[in-house]
Amino acid sequence: LSILLSLLVPAHTTRSPDCGGILTPSGLRYLAEVSKPHAESVLRRDLMAPPAPAPSPASPSRNQIISVKVDKFSLTLIPDTGMRLSIEVDLGITSAPSATKEMRLSILADLHVDMNPEGNLELVTSDCKPTLEEVQSTEESDRSAPHKSSGLDMDKQINVEKICLEVSKLLLFPNERLMSLAAPFPITPSCQVQYQPLAAPMYSEQGIIISLQTTFQVAGTVIPLPVSPVPFSMPEPASSSPSHLILAFSEHFYTSLFSALEESGALNVSLLSSLTTATLAERITQMGSLFQEDLPVVLQTVTRSSPHVVLEEDKAIVKLFLTAQIGAGSALFQSFLSVNVDVAARLHLSVADTRMIISVAAIEDVELSLATSDVGPILAALLEELFLPTIREEVPAQINKVLRQGVFLPHIASFTYTDVNITIHKDYVLIPCNLQLEARTG
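Quick note on our numbering: the sequence shown kicks off at 935 and runs consecutively.
All the pointers check out, no bait thrown in.
Cut-off 27 Å, straight-line C-alpha distance, at most; resulting in silico cross-link-like pairs (DSS-like, lysine-lysine):
1. K1006 x K970
2. K1103 x K1006
3. K1103 x K1003
4. K1096 x K1035
5. K1063 x K1006
6. K1035 x K970
7. K1249 x K1360
Honestly, the hints are just simulated from the structure, not real lab data.
If you're wondering where the values come from, they're calculated on a predicted model, not measured in any experiment.
Please model the complete structure; the sequences and the hints are all you need to start from.
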């Protein structure tokens, strides 16, 4: 469907999506599958509650529900509208020790996810049709075929209207869990990521489509990020994807991530060289008069302009623009060289649980240029010979250390991701995956 390409176009330039996801029909089937035991537990608790005491011992015994079994529980997609929840529940009912009967409670409910005034997503029931039927009887006096329930006593006791009002709680992703989608997640001790829904989801034959805008906080303050020159729109997935969920991230998302790390100071790192002031003095003669003792040489790097990520087919490259102050001294750092370092590094992307693991796989290109020198002019070839090995080894190691915890993906509480297959395309990354309900302990 070509309309998928326009579903994430922002309403305002300041609210521009940079990532999103599609919950596919197979994902809905999985959510129904894992919700079925939960629904049975909820209905059993609600319907099998002890009846109120009879007004007097002489009053006739009331019908009592002795068993609740969910026979059918399905969620299907209704394009342009929402979802349809279909439930069939078998009820075992007794009114006397020798009289039991079975009834079937059928519920057909139309649901959709809306955005409330606070900007949170919430599950809304737009229509609900309950039906109560008697399907069999063990009473000798009643051997009739299945028929609609007669008598108001069971209708009153079961209170189908109340069940309809609270039908969304039969699903395993109630509104509290939908709200968890927009919770802030830590990247580093001082940097957090937050995914904000821009609008209520759209519904197509491909699935439920949601657009998200990422914000980054540094020390609790949302930082301004460069606006994407091109609004991101979800790429159209292959029809009938076997995956439960397809996440998509724009090139701008990754650039924003590294810009946030830069803003937090996480990319300002110290690189320990294998050189010492004595070995350096053998190549740079003016070094000899600066240090009386032999000290390890350290490169203290700071970002001089914002990083940038480029996505191409099967390749993600981060470009870092650093300045390295090269010096020595542990108690009192003394710099004698300042070198501009432009690094192009290939990124490796993977997923663990609900986190995207981003690491520098290899340095593809490094350019060094002398900025300032206290030890005279130095040829570019000598700069590369002396400091390139350290930069090639230590820059990836330090960035990987910063990102070792990974970046949380958009997700709702109690679900994790499995069977992940990441594909990098020009301008965006696709992450098809399956949902898995986390096992509860205790």
